[in-house]
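Work the whole structure out from these sequences, hints included.
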Amino acid sequence: MRDVAVIGIGMIKWGELWEKSLRTIFVEAALNAIDDAGVDHIDSMYVGCMSSGLFVGQEHLGALLADYLGIAPVSAVRVESACASGGAAFRQGFIEVASGMSDIVLVGGVEKMTDVSGGGATFALSTAADQEYEVYNGVTFPGLYAMMARAHMERYGTTRKQLAQVAVKNHENGSKNPHAQFQMKITVDQVINSVMIADPLTILDCSPITDGAAAAILCPLEVARKISKKPVVKVKSSSAATDSIAIHQRKDITHLQAAEDAAAKAYKLAGVEPSDVDLAEVHDCFTIAEICAIEALGFVEKGKGGSATEAGETAIGGRIPINPSGGLKAKGHPVGATGVAQICEVVTQLRGDAGERQVENARIGLTQNMGGTCASCVVHILEVA
Amino acid sequence: MSTSARYWREIPQRYRLEAGKCSGCGAIWFPPRLVCKECGKREFEVVNLPDRGKVQTFTVIRVPPSEFCDQAPYALGVIELENGVLLQCQIADCSPDELSVGMPVRIEFRKIKEEGEAGIICYGYKAVPVRE
Amino acid sequence: MAGIVGYGAYAPRYRIKVEEIAKVWGTDAESYKRGLRLEEKSVPGLDQDVITMSVEAARNALKRARIDPKKIGAVYIGSESHPYAVKPSGTVVGEAIGATPDVHCADFEFACKAGTEGMFVALGLIEAGKMEYALAIGADTSQGAPSDALEYSTAAGAAAFIFGTKDVIAEVTHTFSYMTDTPDFWRREYMHYPRHAGRFTGAPAYFKHIKGAAKAIMEISGKKPEDFAHVVFHQPNGKFPTTVGKQLGFKPQQLETGLLCPRLGNTYSGSSPMGLTAVLDVAKPGEEILMVSYGSGAGSDAFIYRITEKITEVQGLAPKTTDYLDRNKVYIDYGTYAKLRKKIRMGE
Ligand SMILES: [Zn+2]
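Residue numbers (my numbering), protein chains in the order written: chain A, 17 to 401; chain B, 1299 to 1430; chain C, 133 to 480.
Wrong hints could be hidden among the right ones.
Residues from chain C that keep clear of chain B, each with C-beta distances beyond 10 Å, as calculated [stated by the list, open to error]:
| id | residue |
| --- | --- |
| 1 | Asp181 |
| 2 | Ala281 |
| 3 | Gly334 |
| 4 | Ser353 |
| 5 | Phe360 |
| 6 | Gly381 |
| 7 | Gln386 |
Quick list of in silico lysine-lysine cross-link-like pairs, DSBU-like style, CA-CA up to 35 Å [what the hints assert, rightly or not]:
| id | chain 1 | residue 1 | chain 2 | residue 2 |
| --- | --- | --- | --- | --- |
| 8 | B | Lys1352 | C | Lys203 |
| 9 | B | Lys1319 | C | Lys452 |
| 10 | C | Lys203 | B | Lys1339 |
| 11 | B | Lys1352 | C | Lys461 |
| 12 | A | Lys320 | B | Lys1352 |
Please keep in mind that the hints were generated in silico from the structure rather than gathered at the bench.
A virtual CB, placed ideally from N, CA and C, is assigned to each residue, including glycine.
Right, dumping it as structure tokens:
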């Protein structure tokens, strides 16, 4: 296996991009990554996308996007693992470079979500849950996470206010991120008093519907050292894990077992401990998700995610800054793009280019991207080389 | 819209709570599986799940999928049945302020949804509070 | 002797009061309460229909019968509100209780007597020795047109009976059916609500057929009104059964236990069958019961039951009819009622 580096990243401003199509937002992000890397060709491409078929009626994204990016006839494949599609695509790119099959691999993530109605988006997202034994009964994703939240509150005494604090912190961070969908700060009271979606989660506990794309370029570490004009960021480890797709089939509904399993492997492969990590981009599709994620990743003790957040431990400047980008909550959650955008943020932080939201002395960063209610999870650990 | 075959296939589970009991380790899987997740055995006996249990966690869906619009708000929960098997279903005949973790429930046969005005009517299981 | 080996009832928990309906249409609630002896009626939830109520009633009947559902040879459901125009209710019920696939199945329709029709046929198959057990259900989620007099009474409920010859709890000693072509009430295909012929539904329809069947069955059995511990008539309102009982020489106490209409409404095909389940809940060995249904169009089925020693073993094995009537009731307003009964036109 060869060591692998990220030499280019590309983001665009996320939001409700009414005037732009799926192919346009993807190509814009990909071109930004190519320009950032300064490479003159691409050997292979992976595209993370959860459900272009349901959102815009378009499958076969590999060919479409390679063509519009002007890199055909290279190999281009779409990777799907629900909301973890971006992370899974990045992992495929990593494997291809590490294996020696290709040298310059572009990994993009994209989701164009606003071309369907709210009901259409709810349906498309629900396909990440068990259609026959969860969705059949009328559950939604906010509903599934709400049930996890209720159980977490019952078992660990996590409070409504602590959940809200996750959203408050991520909006605070997002207000410093020019690419974020939401730039406004919010308060705990606003979160608690906003419209109820699935008790106890309100609309401000939920990540939004977003159009967005992100891209990253991978190459062998040795090549990066030669051609990159920016600080080189090495992918220290890549891992993925799965769990039962339906939450009721898990041993502990409050625990993200796939995140713990993926993280354990990633830490081992990278030879680091949770305490060595300087910042993490985690999958806060709902406020409770971030609390469960930081527990599963070993940043806080099980059951202490809420109190750690309330104590400011996860803020920029805290013990372990979580989601300095604003997370899915504020930056937006174009599902297939999210995992790649997490990589973009960590690389930005490790390069020291994060401006107002820069985490001081960031050397090791982690990304955690999960599908559905964490039936699939991808973890990457990156380090300034 | 899928054909009615997809609905029909799940009838033993939706109507009668038929589960698979592993002949190796005795684990009960609902819905049935071809391979036991606990021990890897591939032989199962059909068992019917008990119709009593308690609420392990719950929520109230206020922004429903379009097929459930007329039913909202409705409660949904993870139910732990008397034999320890967990399932997810709506909690019917219950106002949001009555819900609590640990609440005893009974499984009833209910209509889940209709596939439009001209499509099939989909039935299944819901939990209802045991109040006596 | 053939008879009932298990029985069960089911009713939804929602109720609407006569006053609430009268308020919307500007009518005099007292005239319905005093004149027709109606107080409130049951309303099905959005997730309840003839099929779901039939399954629950049948499961209660199975709990009392304590038999293997695979031994049930017939599943009959009588209703005027089968959820499908074409596709049987009975197949879903048979599947849900585990009676399939070696079973005969049919849906019956004869206005409010479809339930007793199923009972009549099920009993006949048992008496003929064609099968070990037969299940008959009367169930309805009947609808009256908004503002029509029927709107104050049309209700939802179900009653199920398993017939057999072993461990019988109520022997059927006599049956009699009485039928003529009398257009007092009908619903044409594709019509949402039924129509009725006003006062014509009284003397030449309800009263003539109930009395015709009741008098005939008492004559062939040699029984007199005082021989029956309980009598159950079809209950389109609280007044008709009381009046016909009086005309036939019964005392109000004989009707009391089975007269559910004032607090339940008219459950159509479930009406006299639910009256019977309420009676069976409290019946004592040796008692005799007369039941006469009525279905517009028009006809009546009459049955005489004799309670056996076995009844006391099974009464407590499933919820009683009054449990469904009196426990966990929720009163709804007319707006909620309109929503639950799908009287509100929704957007696409
Ligand atoms: Zn096993």
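Quick rundown of the hints versus the structure:
1. Asp181: 6 Å, violated
2. Ala281: Holds, because the least Cβ-Cβ distance between C/Ala281 and chain B comes to about 28 Å, which exceeds 10 Å.
3. Gly334: Its Cβ never comes within 10 Å of chain B, the nearest being 36 Å, so this holds.
4. Ser353: Given that every Cβ of chain B is farther than 10 Å from that of C/Ser353, nearest at about 38 Å, it holds.
5. Phe360: 32 Å, holds
6. Gly381: 39 Å, holds
7. Gln386: The claim stands: C/Gln386 keeps its Cβ more than 10 Å from every Cβ of chain B (closest is about 30 Å).
8. B/Lys1352 / C/Lys203: Satisfied, since the Cα-Cα distance of roughly 32 Å is no more than 35 Å.
9. B/Lys1319 / C/Lys452: 34 Å, holds
10. C/Lys203 / B/Lys1339: Answer holds: C/Lys203 to B/Lys1339 is near 33 Å, not above 35 Å.
11. B/Lys1352 / C/Lys461: 22 Å, holds
12. A/Lys320 / B/Lys1352: With Cα atoms ~27 Å apart, A/Lys320 and B/Lys1352 stay inside 35 Å; holds.
Taken one by one, the earlier hints fail for this structure only at number 1.
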